Amino acid sequence: MSFDRTDVEKIAHLARIALTDDEIPATTAKLSGILGLIDKMQAVDTRGVTPLAHPLETTQRLRPDTVTESNQRDAYQAIAPATEAGLYLVPKVIE
Amino acid sequence: MHEKTLAELSQALQSKTLSSVELTQHYLKRIETFDGKLNSYITVSPDLALNQAKAADERIAAGTATALTGIPLAHKDLFCTQGLRTSCGSKMLDNFIAPYESTVTQRFIDAGAVTLGKTNLDEFAMGSSTESSFYGPTRNPWDTERVPGGSSGGSAAAVAARLCAAATGTDTGGSIRQPAGFTALTGLKPTYGRVSRWGMIAYASSLDQGGPMARTAEDCALMLQAMAGFDDKDSTSVDQPVDNYSASLNDSLTGLRIGLPKEYFAGGLDAATADAIDAAVKQFQALGAEVKEISLPNAELAIPAYYVIAPAEASSNLSRFDGVRFGYRCNDPADLTDLYKRSRGEGFGPEVKRRIMVGAYALSAGYYDAYYLQAQKIRRLIKNDFMAAYEQVDVILCPTSPTPAFKIGEKIDDPVSLYLTDIYTITANLAGVPGIALPAGFANGLPLGMQLLGPYFSEARLLNIAHQYQQVTDWHQRAPAGY
Amino acid sequence: MQWEIVIGLEIHAQLTTASKIFSGSATTFGAEPNTQASLIDLGMPGTLPVLNAQAVRKAVKFGLAIDAEIGMTNVFARKNYFYPDLPKGYQTSQMDHPVVGKGFLDITLDDGTVKRVGVTRAHLEEDAGKSLHEDFQGMSGIDLNRAGTPLLEIVSEPDMRSAKEAVAYAKTVHSLVRYLGICDGNMAEGSLRCDCNVSIRPKGQAEFGTRCEIKNVNSFRFIEKAINTEVQRQIELIEDGGKVVQETRLYDPNKDETRSMRSKEEANDYRYFPCPDLLPVVLEPAFLEEVRAELPELPQQKRERFVSQFGLSTYDASVLSAQRELADYFEEVQRVCDDAKLAANWVMGELSSLLNKADLDIEQSPVSAAQLGGMIQRIKDNTISGKIAKMVFEALANGEGDSADAVIEAKGLKQVTDSGAIETMLDEVLAANAEQVEQYRAAEEAKRGKMFGFFVGQAMKASKGKANPQQVNELLRKKLDS
Chain A
246 MSFDRTDVEK IAHLARIALT DDEIPATTAK LSGILGLIDK MQAVDTRGVT
296 PLAHPLETTQ RLRPDTVTES NQRDAYQAIA PATEAGLYLV PKVIE
Chain B
1119 MHEKTLAELS QALQSKTLSS VELTQHYLKR IETFDGKLNS YITVSPDLAL
1169 NQAKAADERI AAGTATALTG IPLAHKDLFC TQGLRTSCGS KMLDNFIAPY
1219 ESTVTQRFID AGAVTLGKTN LDEFAMGSST ESSFYGPTRN PWDTERVPGG
1269 SSGGSAAAVA ARLCAAATGT DTGGSIRQPA GFTALTGLKP TYGRVSRWGM
1319 IAYASSLDQG GPMARTAEDC ALMLQAMAGF DDKDSTSVDQ PVDNYSASLN
1369 DSLTGLRIGL PKEYFAGGLD AATADAIDAA VKQFQALGAE VKEISLPNAE
1419 LAIPAYYVIA PAEASSNLSR FDGVRFGYRC NDPADLTDLY KRSRGEGFGP
1469 EVKRRIMVGA YALSAGYYDA YYLQAQKIRR LIKNDFMAAY EQVDVILCPT
1519 SPTPAFKIGE KIDDPVSLYL TDIYTITANL AGVPGIALPA GFANGLPLGM
1569 QLLGPYFSEA RLLNIAHQYQ QVTDWHQRAP AGY
Chain C
5 MQWEIVIGLE IHAQLTTASK IFSGSATTFG AEPNTQASLI DLGMPGTLPV
55 LNAQAVRKAV KFGLAIDAEI GMTNVFARKN YFYPDLPKGY QTSQMDHPVV
105 GKGFLDITLD DGTVKRVGVT RAHLEEDAGK SLHEDFQGMS GIDLNRAGTP
155 LLEIVSEPDM RSAKEAVAYA KTVHSLVRYL GICDGNMAEG SLRCDCNVSI
205 RPKGQAEFGT RCEIKNVNSF RFIEKAINTE VQRQIELIED GGKVVQETRL
255 YDPNKDETRS MRSKEEANDY RYFPCPDLLP VVLEPAFLEE VRAELPELPQ
305 QKRERFVSQF GLSTYDASVL SAQRELADYF EEVQRVCDDA KLAANWVMGE
355 LSSLLNKADL DIEQSPVSAA QLGGMIQRIK DNTISGKIAK MVFEALANGE
405 GDSADAVIEA KGLKQVTDSG AIETMLDEVL AANAEQVEQY RAAEEAKRGK
455 MFGFFVGQAM KASKGKANPQ QVNELLRKKL DS
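Protein chains in written order, with this note's numbering: chain A, 246 to 340; chain B, 1119 to 1601; chain C, 5 to 486.
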């Protein structure tokens, strides 16, 4: 299977990535190539194989419920693109 | 002084025949002289380095030094360093000054090491050539028309050109070992979970692992000693004691069982590399090792599985770059969607965008089972292959890449051919096992690399084997002409 | 056409942990914006989550309380979508392997019947931040203090058939999580929020209709109104030949209508996958037993005990057991006065209305359980009448005495039970109302009842309410009928 322009536009939207009209043909071709590479997996019969998400298969450690953080708003917002009154600013959120 | 290995510099500092300030100034001067051409550093931090060097000299005088106190190092520019830009080689983070320190860099600070700067990398570590960096490609000091490998290509070039004593790298699919192979360095990818990922900006969380890049196995042992260990800030960090990596370097290799995976010596492998490994096999036999052929039957599936799992994780890991709290934000967004799309469209380079899209696709409704789940099942098969192999042998010996360093621009327009250069390194990341890359020879002036892969937490043994090999060979002592 | 309503609820309960689910930030409500947002909560590059042990413990407690299967190996997954209140671009949640699996809750309806509602699952996840819509030069402001607060999302089966059932279920969950001490249940502050999945189908049809999800309904009253409004909308839509579209809607209490949420309009593809920064959570059987041993008596068990032990009606028992603190108060009153029915009447009557008027919680009651119990004792031993008791209660509420006895003493409210004294007083009352006495005696038997009441009233008035009403009745009847 390979990508066409519509697929690429759909995925780019899902991933919130703007692609210019110029970028789309090359992106489509390259993504199709990558898809061709990964499609080689499809030939393998993996029935009965348990998926492996983490190599070591260890289990989650739990953290004691204690407050360890203090207010660092000024330091953290010093690197933010737009803030006001301690809030991060974004174009209007419409619900 | 730059001819000396890290271990030798450490001795010189401890014996006070050399001061850290002198050494640091020397490296800063070399960076100034050579890095215009090589582009191995994104950020050089002379003020920080000299302050640290002064403090290191005081610490040495006070007698509280560690082996790394006063040693000038460089860090791959995806370890967060408080107050010093961490760019990930991306326009997205060109203005990003992390408000905290990564565990790895903090451990080096605690050990008294000096930070010369942050090294170049493929954007967000996605690449095998350091060509996808927003800051331009890094050149290989062995041949400046060629790539140093990637993604830790800046670290590789900086160490190879003697612009630092050693450096940190990260390895998601071979990003320490392949560039080490391309630049005649020794580089170690530890067992997944051995080195904390806190503050190491994620590419693919279940594969990423930080490790050292240095001139020798002995140097890597000193570096890893500082880096390795449990960190309660990283859920995937393993709470297990750290071996003394330097202590076992001189252990004998008699009776060591080395496996050669037949799949790795089939078609596609460069003849010179194959010859170099043949020669290495003879060296290991001379050192008392037994060598036999083994099989990793699912190895050829590693690349497709990797190029599903890594992009899938990346597509999610990189969603936080949205122009709201840090990093690049587009001008005058019309609305929320425009803010996201243009900040990300303009802030990320083409390879990062491609991988994000591949990952989003592999996880999307209707494709999850065929791609993501299938890749995870293959990951299990690959892990099983390794576990079966380690029943028969202690370590696996194979090349780091099919060819020596290729030319800048040669593969840039063909992502698939670039992906295939990771064919020998990716399996270790999927299985989570450790691997050490070391120089095995030269062809036409270009370094040839090989790697040893071991069972989980066998770092000490891998360093020991590499060190023993380096006692009877001199590939690792060669320096690129002019450096 | 006869329509059947089908409702399922998704209840988000914020767990009462000190710190967040994956970071060491405080979870205190109402802090200055972004002062409780740590590196992890902000999704800063390179940061990693570590799971809070208490969040797991509280979720398991809930699972055990509803007899659910516990996910002995439960797994966190990432739900990927872009939204400004979601800093990482994904919500860490649970998908295929939740901590709590299938369980059930029994709810009591207004008519006293009990209905079993299935709980499909309950999973742990992180809360999002908040978008503030005050105008910052046409921009919205984002506060991430709430981001990372642990949530237990409790998903019901589509088992409810009316808005009233949905409310009863929500109240049952609310009561349970507070009993368990895992959520403070404060709906005004958003500690407990409810999404309602509503659909309709012709009565008798097996397949479900297309459902709409009404997001974030924040009071029991609004749950009922929102569902009824939405049902009406769906009925009208279908009867006009239209079709219900599956979508997310928002309830507007001011207009009493639901409207489509524009922001959630596009079909979401959340691309769930196991979170690679977190490992599977594996629970040991011993841990489950430890948590089970901590379970308090649950509302339903308490209700049943109130019926069997105290002989209360199911209704009274369920009112008194709905809230742990109220139940404890009632039981203390009962213990002191040893009369469950009187205790129940006073707690549900005078005390409740007092608390309602003053907008106080039971823990803040100005009349303690010991005081109320002591007062009821005095009703029982005829020291005061029920009517005088109300005065004593009021005095206690106003802090006019440490105990009922002290108030009775200070105000001289002790009931008169001396028959001689009562008779003298009655003779005076009858003498003063001689005309009415004549009329009474001349009246037909059937009309005498109401007239008798007049004399009782006059007598109680004359005694300032202190005469024992039973004795007044008896003696008065004797005198009038003789």
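A couple of the hints might just be wrong.
Covered by chain A, according to a simulated footprint, are these stretches of chain C (three or more residues, beta-carbon under 8 Å) [claimed, not checked]: (1) 20-29; (2) 37-43; (3) 177-191.
Derived DSS-like pairs: lysine-lysine, alpha-carbon spacing no greater than 27 Å straight-line [unchecked claim]: (4) B/1209 / A/255; (5) B/1351 / C/259; (6) B/1525 / B/1501; (7) A/285 / B/1122; (8) C/259 / A/337; (9) C/391 / C/468.
Simulated DEER-style distance windows between Cβ atoms [to be verified]: (10) A/292 / B/1154: 32 to 40 Å; (11) B/1449 / C/288: 27 to 35 Å; (12) A/251 / C/100: 25 to 33 Å; (13) A/323 / B/1413: 50 to 58 Å; (14) A/320 / B/1360: 52 to 60 Å; (15) A/323 / B/1396: 52 to 60 Å; (16) C/257 / A/293: 30 to 38 Å; (17) C/192 / A/313: 27 to 35 Å; (18) A/313 / C/309: 36 to 44 Å.
Simulated from the structure, these hints should not be mistaken for laboratory data. Note that the structure is predicted; figures quoted are calculated from it, not measured. For glycine and all other residues, C-beta sits at the position ideal for the given N, C-alpha and C.
Exercise for the section: May I ask you to test the hint 27 to 35 Å on the CB atoms belonging to residue 192 of chain C and residue 313 of chain A? Expected result: 29 Å, holds
Handout entry: Given coverage of the segment 20-29 of chain C by chain A, tested with a Cβ cutoff of 8 Å and a minimum of 3 residues
Key = Since three or more residues must qualify, the claim that chain A covers the segment 20-29 of chain C holds, with 6 doing so at under 8 Å.
Problem - Supplied distance hint 25 to 33 Å, evaluated on CB atoms of residue 251 of chain A and residue 100 of chain C - result: 30 Å, holds
Practice task
Apply the coverage criterion to the segment 37-43 of chain C and chain A: a residue qualifies when its Cβ sits closer than 8 Å to a Cβ of the chain, and three qualifying residues are needed.
Solution key: holds (count 7)
Problem - Distance restraint between residue 285 of chain A and residue 1122 of chain B, which requires alpha-carbon spacing of 27 Å or less - result: 47 Å, violated
Practice task
For the pair we were handed, residue 1351 of chain B and residue 259 of chain C, check the Cα-Cα distance against 27 Å.
Solution key: 49 Å, violated
Handout entry: Verdict for residue 313 of chain A, residue 309 of chain C (Cβ pair) under range 36 to 44 Å
Key = 42 Å, holds
Exercise for the section: For the pair we were handed, residue 1209 of chain B and residue 255 of chain A, check the Cα-Cα distance against 27 Å. Expected result: The hint holds at about 24 Å.
Handout entry: residue 323 of chain A versus residue 1413 of chain B beta-carbon gap, inside 50 to 58 Å or not
Key = 55 Å, holds
Practice task
Confirm or reject the claim that residue 323 of chain A and residue 1396 of chain B have a C-beta distance inside 52 to 60 Å.
Solution key: 57 Å Cβ-Cβ, so the 52 to 60 Å window holds.
Practice task
Can you let me know if the beta-carbon spacing of residue 1449 of chain B and residue 288 of chain C is within 27 to 35 Å?
Solution key: Cβ of residue 1449 of chain B to Cβ of residue 288 of chain C: about 55 Å, so the range 27 to 35 Å is violated.
Practice task
Starting from residue 1525 of chain B, check that the Cα of residue 1501 of chain B is at most 27 Å away, please.
Solution key: 33 Å, violated
Comparing the model with each numbered hint stated earlier shows that hints 3, 5, 6, 7, 10, 11, 14 and 16 do not hold.
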